[in-house]
Amino acid sequence: MNEVKKPKRPLLFYWGIALAVLLLINFLLVPRMSQRRVQDVDYGTFMTMTEENNIGQVEVQEQQILFTDKSGENIYRTGRMDDPGLTERLHNSDAKFAQEIVEETSPWVSFLLSWIVPILLFFFMGRWLSRQLMKKAGGGNSMMFNLGKSNAKVYVKSSDGIRFSDVAGEDEAKDSLKEIVEYLHNPQKYSEIGASMPKGILLVGPPGTGKTMLAKAVAGEANVPFFSMSGSEFVEMFVGMGASKVRDLFNQAKEKAPCIVFIDEIDAIGQKRDSRLGGNDEREQTLNQLLTEMDGFEGNNGVIILAATNRPESLDPALTRPGRFDRRVPVELPDLRGREEILRVHAKKVKLEPNIDFLHIARMASGASGAELANIVNEAALRAIRNGRKRVSQGDLEESIEVVIAGYQKKNAILTDREKMIVSYHEIGHALVAAHQSHSAPVQKITIIPRTSGALGYTMQVDEDNHYLLTKEELENKIATLTGGRAAEQIAVGTVTTGASNDIMQATKLARAMITQYGMSDTFDMVALETQTNQYLGGDTTPVCSPQTQAEVDQKVVTLVRSQHEKAVKILTEHRRQLDVLAQYLYQHETITGDMFMKLLQQTGTTLLSAPTTQDETTDSPTSSETE
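First residue of the sequence shown? That's 0 in numbering that gives the first Met the number 0, and the numbers climb one at a time after it.
None of these hints come from the bench; they were simulated from the model.
Keep in mind that a hint or two might mislead.
[As the list claims (entries may be wrong)] Once the Cα atoms are required to be at most 27 angstroms apart in a straight line, the calculated DSS-like pairs of lysine-lysine come out as:
no., residue 1, residue 2
1, 177, 188
2, 508, 566
3, 566, 555
4, 255, 177
5, 409, 177
Values in this document were obtained by computation on a predicted structure and should not be read as measured data.
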């Protein structure tokens with residue numbers, strides 16, 4: 000059975016109870032408490048006290064006599080009798096005649112004590128009880144005390160806020176948003192020609208690229224109020240509460256126009272609607288209210304809606320259509336020049352040694368987002384402090400990149416001599432295969448120092464310039480480089496180990512992409528066999544072919560990886576002397592820099608086949624040997 004709950008009484012009911020209690024106190028309790036207690040005695044006691052001169056004050060009334068003792072602390076009452084000499088005796092006993100013995104309290108004092116003090120007492124007790132209730136319910140921001148209210152953070156006008164100069168590496172995105180700033184400064188310029196600004200601007204890109212910072216920079220440049228709210232804050236337990244928060248947010252925005260409303264992670268409420276049974280009615284109502292509010296915004300009213308997401312493909316088409324979010328601004332990972340600028344911006348916050356090569360650091364940090372670059376600079380500063388230095392050096396920045404990529408050095412990890420030798424051959428195998436192939440990125444560093452990420456060693460390759468296209472031959476060379484570690488183990492040790500697990504995963508992923516996404520297969524030609532979703536969140540793939548075709552794709556992947564593995568074995572077999580010499584050197588020194596690697600190759604007397612590459616965004620991830 001469903002529990003039947005009694006309806007809640009209105010607040011006026013409890014105020015009525017408090018008023019009734021006050022009336023009872025004032026009419027019954029207060030009069031008794033304001034008067035001193037009167038003792039009834041016989042007339043003989045009165046005569047005795049008169050003879051003993053123990054009468055303080057006396058009041059002779061028609062029916063009774065009120066009197067006090069000499070101390071005045073006790074009040075007595077007795078009946079009046081026919082006594083002609085009473086007045087003379089009282090006078091002889093030095094009694095003081097009074098019209099009224101019991102003094103009444105002042106009316107103002109009585110009003111204060113009877114009404115004001117109890118009301119204040121009830122008020123403060125109510126405040127205290129409400130605070131205790133709010134604490135038990137989760138504080139003042141809890142749902143039961145904020146139903147229907149938006150939790151938007153309001154940043155008022157500020158002259159020293161975030162500006163476009165504080166955001167580096169996103170020139171294209173800044174150019175698209177500068178138009179919004181100009182509109183907020185001079186809306187008449189657009190209204191005169193009949194143009195209207197987009198109602199909504201959608202910032203899309205991977206996590207950590209600076210979408211939120213760009214939105215704050217627009218508000219800082221325009222010097223207008225900035226409303227910030229996350230999409231998850233609209234999601235409530237009760238149906239209709241999210242829609243109420245949307246209404247409240249837009250009402251606040253209209254009152255403070257011109258202003259900017261920023262909704263972060265809008266995919267939390269803006270996902271595509273469906274007709275599945277048991278769908279999220281609350282989320283859909285919130286989305287419908289958002290659509291309505293954006294339609295209700297009249298043109299050129301000074302309110303700009305900014306939203307950010309890294310899942311644009313999941314948004315409802317009604318939300319991304321023209322008239323709502325009219326403009327989509329990509330905020331991609333920065334290129335080489337962008338990474339250098341971001342590093343310089345964050346480096347202003349720390350003390351640096353002179354002659355820091357930010358371009359070299361930017362090359363090493365290929366594929367890093369703005370947030371990761373900021374973390375690299377901070378890690379470098381922390382490393383300088385740990386080493387007892389007051390300035391950040393070039394070595395600190397380079398080491399911080401390795402920390403971000405492979406983790407911290409494991410100082411307590413002790414490898415056996417055999418394991419250490421195997422890891423040395425493994426990493427030298429990667430480097431030699433890369434060096435003896437064309438269009439491979441130069442080797443930056445080789446190390447066999449274990450890392451907290453699980454890597455027992457890694458080989459870092461760094462490209463020199465930007466490179467946005469990869470040929471089929473370059474991709475095949477990358478696969479061959481990945482298989483070089485396993486090939487070196489087979490040649491030098493005669494067996495295989497678990498250290499190539501990460502290499503196998505990367506090589507398989509790259510080979511499959513060549514066949515299913517890049518159309519680099521003669522059998523399938525330019526046929527897409529997989530679809531990619533969540534491109535900004537790692538890129539999930541889903542097959543779009545029959546099981547028979549999928550089996551054939553698997554066979555093609557195996558054939559491709561095997562052929563590149565055989566090529567790596569051939570290269571290392573032909574240069575076995577280099578493999579042994581470099582592996583022994585790495586075993587003894589644990590780390591080889593890129594310059595030392597090239598010097599050792601030249602000392603062996605072998606001519607390299609590789610030439611300097613112009614690749615930046617693809618092949619600088621370290622190849623690591625991991626122990627499962």
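Here is how each hint holds up against the structure:
| no. | hint | in the structure |
| --- | --- | --- |
| 1 | 177 with 188 | holds, 15 angstroms |
| 2 | 508 with 566 | holds, 19 angstroms |
| 3 | 566 with 555 | holds, 17 angstroms |
| 4 | 255 with 177 | holds, 21 angstroms |
| 5 | 409 with 177 | violated, 47 angstroms |
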